[in-house]
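Please work from the sequences and hints to get the whole structure.
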Amino acid sequence: MPTHIVVADDHPMFRDAMRLAIARALPEAEIVEAGTLDAAAAALEESPDADLLLLDLNMPGMQGFAGLVYLCSRFPALPIAVISANEEPRVIRRALGAGACGYIPKSAPSDMLGEALQALLAGELWRPALQEPDGAGREEDAAARIASLTPQQVRVLMMLNDGLVNKQIAYELGVSEGTVKAHVSAILQKLGVTSRTQAVILVRQLAEDADAPQELIRRAAEERQAG
0 MPTHIVVADD
10 HPMFRDAMRL
20 AIARALPEAE
30 IVEAGTLDAA
40 AAALEESPDA
50 DLLLLDLNMP
60 GMQGFAGLVY
70 LCSRFPALPI
80 AVISANEEPR
90 VIRRALGAGA
100 CGYIPKSAPS
110 DMLGEALQAL
120 LAGELWRPAL
130 QEPDGAGREE
140 DAAARIASLT
150 PQQVRVLMML
160 NDGLVNKQIA
170 YELGVSEGTV
180 KAHVSAILQK
190 LGVTSRTQAV
200 ILVRQLAEDA
210 DAPQELIRRA
220 AEERQAG
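Position 108 of the sequence shown, counting from 1, maps to 107 under numbering that gives the first Met the number 0, and the rest follow consecutively.
Keep in mind the hints are simulated off the structure, nothing from the lab. Some hints here could point you the wrong way.
Restraint-style ranges between C-beta atoms, simulated for each label pair [what the hints assert, rightly or not]: (1) Arg-23 / Pro-47: 24 to 30 Å; (2) Ser-184 / Ala-107: 41 to 47 Å; (3) Pro-47 / Gly-162: 19 to 25 Å; (4) Gln-197 / Met-0: 47 to 53 Å.
Backbone N, C-alpha and C define an ideal beta-carbon position, used for all residues, glycine too.
Below, the structure written as structure tokens:
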């Protein structure tokens, strides 16, 4: 049975290069291309048997890590690996903390790409070797804690980030204020903080852009709950 891989990048020449590199490593692979976040989501909906998504963080619609979180939430069983020209350790850590199962530099030679594909398809995590600066693990740990939240908890956290109070959140979600309080308590416990303010600060510290719209994350939570 052939391997199905979706390559999502807004540069056609890079997609062509990836197609050739994948064909060398996995001759039987079937490849679908996408150039935007919406196109990638549509391709995955049309290919429910996809084995792997190779994702560029900077293509249209992504809004940085928000797009990655959205796709990880919408397709929780799908391995997603980031392909990026950015090789900064902190970016790699944040991508993995946000739910990616791998991070492949665009500068990777074909043999490294083949190694990465084999590992990812075998269910393993893959990233290039990193030189970790002091304290780097704290940021990765915080990102992993945020990624551990349930879809409903993500929605509540994003509403807290927008400045909504319990009554407003309850109205938006169609639940009681008591339910919202329970969600907030669970969020604080999972994030290892003691106040809403600390939770919001943590989110903004990890965000690529503290003012970036959160609609993609909300959409993911809504679609998963509806499903």
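To see whether the hints hold, each was checked on the structure:
Under the hint 24 to 30 Å, the C-beta atoms of Arg-23 and Pro-47, about 27 Å apart, fit the expected range. A beta carbon spacing of about 43 Å between Ser-184 and Ala-107 agrees with the range 41 to 47 Å that was offered as a hint. Checking the proposed 19 to 25 Å range against Pro-47 and Gly-162 shows it is violated: the Cβ atoms sit about 38 Å from each other. Taking 47 to 53 Å as the suggested C-beta distance range, the pair Gln-197 and Met-0 conforms, at roughly 48 Å.
Of the numbered hints given earlier, the model fails hint 3 alone.
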